[in-house]
Amino acid sequence: MFKGSIRTSALRSSIDALLAVVDEARFNLTPTGVSVRAVDAANVAMVSLELPDSAFDAYSVDKEVTIGLDLSKFIDLLKMGNPDSICEMDLQDSSRLKIKMGSLKYSISLLEPSTIKREPKIPEIELPGEVILRGSDFRQGIKASEPIGDYLVVGIETKPKEIFIMETEGDVDRVTLELDKDDLFSISVVGEDAVRSMFSIEYLKEISKVTSAADEVKLKIGKDFPIDISFAVGDASVRYLLAPRIEAD
Amino acid sequence: MSEILFIDFAEVCSKIEELSGSIAITEIVSDFFKCLDDDELSIASHFIMGKVFPEWSPYEMGVGPGLLYEAAKLAYTVGKNEINDILRSTGDIGRTFQELSKRRTQQTLFVEKLTIKSVNASFVEIAKREGKGSQKMKIRLLADLFLQATPLEARYLARLVLEELRIGVGEGIVRDAIARAFEVDVRLVERALMITNDPGVVATFSRNYGNDGLESVELYPMRPVKMMLAQVAEGIEDALTQIPSPAIEWKFDGTRVQIHKYDGEIKIYSRKLENVTKSIPEIVAVVKREFVADSVILDGEVIAIDEDGKPRPFQDILRRFRRKYRVEEMQNLIPLHLHIFDILYLDGRTLIDLPLSERRQILEKIAVSGDAPIAEHYLVEDVSAIETIYNEAIDAGHEGVMVKNRDSRYTPGKRGKNWLKIKPLMETLDLVVVGGEWGEGRRANLIGSYTLACLDPERDKLLKIGRVGTGLTDEKLLEFTEIFSDLVIGEDGSEIVFKPAIVFELAYEEIQKSTKYDSGYALRFPRVIRLREDKSVEDADTIERVERLYKKRFE
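Read top to bottom, the protein sequences are chains A and B.
Taking my numbering, the leading residue of the first sequence gets 205, the next gets one more, and so forth.
Taking my numbering, the leading residue of the second sequence gets 28, the next gets one more, and so forth.
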């Protein structure tokens, strides 16, 4: 059904990306690559992962198939292998996956895909603001906010000039991270108005741990709208959508 | 039929809460049942009584108010203080969640409506989380559920999670609603409910197979069934007027057990229907040795005897029942004895519809020898003979006697008039602890007094009857404070509201009429005798018994 080899570290970072949002997921194995789309139980955060065949050293799928994986179990097992090793996967039927990393051989049972929460449709939204920044900068903004409060505002000021801001206000303290054009790969807003939305740090914390390894992270921001966070690691691409918090009244 | 949403259930609950007449409530419940498919029906029929799972289910939510508040903090990003403020103004955990949900700020990417089935599936997920790290997962899963709930849904979801729905729908209304919805005989519904302990099964059975189906409902060995309970008689004469030709047995000072045997395997359940088989191997051995049956369900009492042949305190038996490791050590320290007095099922045949006298004969027939642990059973009809038996039982250190109707069926879970217990005069009441108050001065960090309530099983209500603060040492107060801290569902100044879960045995001087409490009665000089760990809320004394004891004063 499916055979593939990929560097263990590359597979690990892909699984980590999913784990920021869900514990189990459906993997669609198609002739052109692997894709995953999952949403957390509360419908607050969504992740999609595209792992094209080019991300693999070897890849073959003779028949399209969907498998279910317990991600926490899978990552624990991947951690057993040398990160620089090649992880060879062999799927004979949709209930068991054989994995070989160096001299380690696993045969793991898979989840019945129908028992996993349905794949979400990606909501179509237009987000006027766009920023590309270093993964480490995004991580820093969130780490700085964690001790201060539960929410984080992400936005772009337009006047007098375009500045990207991350800001958290606690009961008594406040922290702001400001980056202008010179600190960023790019910044733009459609229209003249500033954009800003507020998010739960709980979710952003998990996501930023994953993006911290990325050279470039693209954020799309609206006014009280979900944030779209995407990045690429090698040939793999990951995208998150996170619903905002909106203050009542 | 389209899937029933949880909001439909919440709206039914809110409609019922506005009503007080049981006929009107029955109608609403019955109409609601009619709209459901079989799976929804089996879920809704216990949800509506405020039970997350049917009683025989291996699952338990394991969620108390503490965990629920943690979930609220996560779902609604609020602090404990804000929750407490709302709790103080609404006075109810359901309304508190409704308000929190209204104030909530976290949006979702898309709206996915909760259905009865999806809520049930989440409950199973939550119940399945056990062991290390499970608390955190339970909180996360609960929070996810509340994030999807509308304010009205959140109100009933919170109460349901705590099994504190209290909209006034008890077993009686569910029974009548099933009969009305599916046009079946209410007596057959009642029998099937007693046997299966599962309104969902009975409701779907009623719809799909009608009266014939209900008649064919049988007990299954290895699936525990509620125990038949006894009412208190106020003396031997009183008992004889109610049951003129009784069978008399000792009322042992021990604890009830239900013993199941199937395919050579034995399982023993406690009064609360917990599996205690592993803790009491000598009882398992006795049953294996002394009774011949391929499959059987027996009812009896286990007692612990000290060196001079007197029953040991109840606490000692509990120590045995709770023991999970190094059981042998405990077995030598506190040996247990069995007294079987009833049989409910034998080799494929349900016996509960037979009269007691016939069941007794069958029980005696399966005994291997004269040594079989069958309780003595006396067929006497005069006061003096019963008095002699009573005195022997008391001299032996036991509680008194049971007066049973020889012609009566075994009615699981019912506290009927066919079994009466006679105990020494000092009447005590088993009451549910529903509230408390923080102490003052030296006892400021302790819950210094407790509010007590009796049951109104008809209306599924708890009626307050008094407050107790004396009879408790500081040590006990500390112990109780720890127990009750996990049960707080409301606070108003120094007043605390508890999730009803604990039963106290109370002694008192007398019962008085009172307008202070909603039961209409109050206890004069109450004092706590002990915490009845073997009793659950449903086993507490009823308003009917309180009334009877009150009237007795004037006779």
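Hints listed in this document are in silico derivations from the structure and should not be mistaken for laboratory results.
Be aware that one or more of the hints could be misleading.
[As the list claims (entries may be wrong)] Distance condition first, Cα-Cα at most 25 Å in a straight line; then the derived DSS-like pairs of lysine-lysine:
(1) B:K163 <-> A:K321
(2) A:K422 <-> A:K409
(3) B:K144 <-> A:K409
(4) B:K540 <-> B:K503
(5) B:K159 <-> A:K283
(6) A:K427 <-> B:K129
(7) B:K540 <-> A:K277
(8) B:K579 <-> A:K321
(9) B:K155 <-> A:K321
(10) A:K413 <-> B:K578
(11) B:K159 <-> A:K409
(12) A:K283 <-> B:K579
(13) A:K385 <-> A:K325
(14) A:K347 <-> B:K163
(15) B:K140 <-> A:K413
(16) A:K325 <-> B:K144
(17) A:K277 <-> B:K107
(18) A:K347 <-> B:K100
(19) A:K325 <-> B:K140
(20) B:K163 <-> A:K409
(21) A:K409 <-> B:K100
[Unchecked claim] Just a sample of chain A residues kept apart from chain B, beta carbon distances all over 12 Å, derived:
(22) M250
(23) D288
(24) R449
Note that the structure is a prediction, hence the values are computed from the model and not measured.
The beta carbon of each residue, even a glycine, is placed where N, CA and C say it ideally should be.
Going through the hints against the structure:
no.: 1; hint: B:K163 <-> A:K321; verdict: holds, 20 Å
no.: 2; hint: A:K422 <-> A:K409; verdict: holds, 16 Å
no.: 3; hint: B:K144 <-> A:K409; verdict: violated, 32 Å
no.: 4; hint: B:K540 <-> B:K503; verdict: violated, 30 Å
no.: 5; hint: B:K159 <-> A:K283; verdict: holds, 21 Å
no.: 6; hint: A:K427 <-> B:K129; verdict: holds, 22 Å
no.: 7; hint: B:K540 <-> A:K277; verdict: violated, 63 Å
no.: 8; hint: B:K579 <-> A:K321; verdict: violated, 62 Å
no.: 9; hint: B:K155 <-> A:K321; verdict: holds, 17 Å
no.: 10; hint: A:K413 <-> B:K578; verdict: violated, 71 Å
no.: 11; hint: B:K159 <-> A:K409; verdict: holds, 23 Å
no.: 12; hint: A:K283 <-> B:K579; verdict: violated, 74 Å
no.: 13; hint: A:K385 <-> A:K325; verdict: violated, 34 Å
no.: 14; hint: A:K347 <-> B:K163; verdict: holds, 22 Å
no.: 15; hint: B:K140 <-> A:K413; verdict: violated, 31 Å
no.: 16; hint: A:K325 <-> B:K144; verdict: holds, 22 Å
no.: 17; hint: A:K277 <-> B:K107; verdict: violated, 34 Å
no.: 18; hint: A:K347 <-> B:K100; verdict: holds, 21 Å
no.: 19; hint: A:K325 <-> B:K140; verdict: holds, 16 Å
no.: 20; hint: B:K163 <-> A:K409; verdict: holds, 17 Å
no.: 21; hint: A:K409 <-> B:K100; verdict: holds, 17 Å
no.: 22; hint: M250; verdict: violated, 6 Å
no.: 23; hint: D288; verdict: holds, 31 Å
no.: 24; hint: R449; verdict: violated, 4 Å
In summary, the numbered hints that this structure violates are 3, 4, 7, 8, 10, 12, 13, 15, 17, 22 and 24.
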